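Each step along the sequence shown adds one to the number in the numbering used here, with nothing skipped, and position 583 is 583.
No wet-lab data here; the hints were simulated from the structure. Source: prediction; values computed, not measured. Possibly wrong hints are sitting among the right ones.
[Stated by the list, open to error] Under the rule of at most 30 angstroms between Cα atoms (straight-line distance), these lysine-lysine pairs were calculated in the DSBU-like manner: (1) 308 with 444; (2) 359 with 308; (3) 11 with 29; (4) 83 with 308; (5) 588 with 556.
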Amino acid sequence: MTYSEVYEGWKSDPEGFWMDAAEAIDWDKKPSKALFGENAPMYEWFSDGMVNTCWNAVDRHVENGRGDQVAIIYDSPITGTRKSISYVMLRNRVAQLAGALRAKGVEKGDRVIIYMPMIPEALEAMLACARLGAIHSVVFGGFAAHELAVRIDDAKPKCIIAASCGIEPGRIVHYKPLLDGALEQSTHQPDFCVIFQREYEVAHLEEGRDYNWHGFQYGVEPAECVPVEGNHPAYILYTSGTTGQPKGVVRPTGGHLVALNWTMKNLYNVDPGDVFWAASDVGWVVGHSYICYAPLISGNTTIVFEGKPIGTPDAGTFWRIISEHKVKSFFTAPTAFRAIKREDPKGEFVKKYDLSCLKALYLAGERADPDTIHWAQDQLGVPVIDHWWQTETGWAIAGNPLGIEELPVKVGSPSVPMPGYDVHILDEGGHEVGPNTLGAIAIKLPLPPGTLPTLWNAEDRFHKSYLNHFPGYYETGDAGYKDEDGYLYIMARTDDVINVAGHRLSTGAMEEVLASHPDVAECAVIGVSDDLKGQLPMGFLCLTTGVDRDHAEVVKECVSLVRDQIGPVAAFKLACVVDRLPKTRSGKILRGTMVKIADGEEFKMPATIDDPAILDEIAEALKGLGYPKAG
Numbered sequence: 001m002t003y004s005e006v007y008e009g010w011k012s013d014p015e016g017f018w019m020d021a022a023e024a025i026d027w028d029k030k031p032s033k034a035l036f037g038e039n040a041p042m043y044e045w046f047s048d049g050m051v052n053t054c055w056n057a058v059d060r061h062v063e064n065g066r067g068d069q070v071a072i073i074y075d076s077p078i079t080g081t082r083k084s085i086s087y088v089m090l091r092n093r094v095a096q097l098a099g100a101l102r103a104k105g106v107e108k109g110d111r112v113i114i115y116m117p118m119i120p121e122a123l124e125a126m127l128a129c130a131r132l133g134a135i136h137s138v139v140f141g142g143f144a145a146h147e148l149a150v151r152i153d154d155a156k157p158k159c160i161i162a163a164s165c166g167i168e169p170g171r172i173v174h175y176k177p178l179l180d181g182a183l184e185q186s187t188h189q190p191d192f193c194v195i196f197q198r199e200y201e202v203a204h205l206e207e208g209r210d211y212n213w214h215g216f217q218y219g220v221e222p223a224e225c226v227p228v229e230g231n232h233p234a235y236i237l238y239t240s241g242t243t244g245q246p247k248g249v250v251r252p253t254g255g256h257l258v259a260l261n262w263t264m265k266n267l268y269n270v271d272p273g274d275v276f277w278a279a280s281d282v283g284w285v286v287g288h289s290y291i292c293y294a295p296l297i298s299g300n301t302t303i304v305f306e307g308k309p310i311g312t313p314d315a316g317t318f319w320r321i322i323s324e325h326k327v328k329s330f331f332t333a334p335t336a337f338r339a340i341k342r343e344d345p346k347g348e349f350v351k352k353y354d355l356s357c358l359k360a361l362y363l364a365g366e367r368a369d370p371d372t373i374h375w376a377q378d379q380l381g382v383p384v385i386d387h388w389w390q391t392e393t394g395w396a397i398a399g400n401p402l403g404i405e406e407l408p409v410k411v412g413s414p415s416v417p418m419p420g421y422d423v424h425i426l427d428e429g430g431h432e433v434g435p436n437t438l439g440a441i442a443i444k445l446p447l448p449p450g451t452l453p454t455l456w457n458a459e460d461r462f463h464k465s466y467l468n469h470f471p472g473y474y475e476t477g478d479a480g481y482k483d484e485d486g487y488l489y490i491m492a493r494t495d496d497v498i499n500v501a502g503h504r505l506s507t508g509a510m511e512e513v514l515a516s517h518p519d520v521a522e523c524a525v526i527g528v529s530d531d532l533k534g535q536l537p538m539g540f541l542c543l544t545t546g547v548d549r550d551h552a553e554v555v556k557e558c559v560s561l562v563r564d565q566i567g568p569v570a571a572f573k574l575a576c577v578v579d580r581l582p583k584t585r586s587g588k589i590l591r592g593t594m595v596k597i598a599d600g601e602e603f604k605m606p607a608t609i610d611d612p613a614i615l616d617e618i619a620e621a622l623k624g625l626g627y628p629k630a631g
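Required output: the full structure, derived from the provided sequences and hints.
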């Protein structure tokens, strides 16, 4: 079947489509129907089914005779460690950990916070919670104590599972003191904590509260899988909220299993036994969906990577791992490729490895600028698929479904909506706009299985954040357009569409032009306040390693490029060269924070920032451009 036939098949019979997809999952009790819309717009999927995530991700593969297949490859260039864990080993380890948690009183519906680095034990902790029907909430390892405390008070965990430390290039991140600091600040206190002691730092354990990961499991009966309802929360994942209060995205069990399993073949084109690698972190949604759950549910081998795209030890790390572990499908953020391209613009490291196993590269997390995509296409010679989704959705809203049909790639577009997503471009009044017209991207309700049904303990906020602005739709918060072929273009967060003298302009379109300059490795455009025009665009340029030119010349050429390709209406005159851009650890550029600095406004240090010192460098660069303006 073609993509169009599959998509139209879903549209004409969504109930039949998702019930058919649900057949691929092992249910303890099959659901009577797919969609439960009695409380619209609070939709649910497969609510009356009974199912267990851990059984579907681990045990069933062992029961079906594939226990000896490798489930997890752990590759840590930072510590020089590599090991493989088979499905049967994973089943035994997860059942033992779940048994130990159960012996300490953790049961269905209890929350468990997981605060760990990129090690296999992080996945084992997630799966052990799923085995018991406990609801896990993974907090990115190394998050500040205050941010962890906020999440502890919101989730109210019975238990916290953490590691003694994380390893970053050139430093050890002390997790346990951060956890202790968070517990001093939080009102809620867990019954107990489990600490995985890493050899690089052995943490002090608080008597009566803290247990050693290994000792805590001795002599305990392994736990069986506990069936839960289809609408039972599998996990809570906190995403940064604009108010500074994190939003707890809830992921329901049944829809999560069905949707993720469907994507592995249809979108990523991998079969059971194939090696799939998502180079992300379990602290982010990509780590939940495509390091832990989806590959294991579909019977793939997944890679847990503790390292960086450059510097651990060089810009060839990704290629070594792909070659060594025979990765078929690779998923990472565009920012990782920009970092590699900046260090190795000619692709010298790519040539050192046999990458014939790799069939496709997937990018998501930030807009994939055409320049980065062209570079990746030239270097790897495989389809480079930009796809678009959010923490809230848990899987792709739009993509190029290689397992159904390889659609023509339009560079700059994440291609077309996936079945389940009825995507519309709306003006401020909620009216549909025509092709190639910039507007708010909204999805007609109901959202498909696996997406958020609500926020944890915050239903009012769920309505306010996503449903109220455009009744009958989910508001994505992204701006973009569709072309005449139905391809979607994501141009900016709605907040990043700037208004220059009455003209609505996309910062993403300007970034695309700047990134096409041969000396520019990476860039960001923000809108700064202007008395005359309301807002003006301002560009920040990071140059490719080895470029030794007068910065003023590069800036002049970039200003000219934007004027030529977008026009004088953009009023693009402000730009500067910087060494690096402020980013979250998942690679998103902190444009909103940069705007606040430029406009002289108070701002809260983003919890997810990778290196706070970069904001001082940005402030210095802004001073050179005369911002914030005096008075």
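With a cut-off of 30 angstroms on the C-alpha distance, tell me whether residue 83 and residue 308 pass. Cα-Cα ~18 angstroms, so holds.
Do the alpha carbons of residue 359 and residue 308 lie within 30 angstroms of each other, as the hint requires? 22 angstroms, holds
Pairwise hint evaluation, residue 444 against residue 308, where the allowed Cα distance is 30 angstroms at most: 38 angstroms, violated
Within a Cα-Cα threshold of 30 angstroms, do residue 588 and residue 556 meet the stated pairing? Roughly 27 angstroms separates the two Cα atoms, so the pair holds.
Given the hinted pair residue 11 and residue 29, is their Cα-Cα distance within 30 angstroms? 27 angstroms, holds
The structure is inconsistent with hint 1 alone, although it conforms to all the rest.
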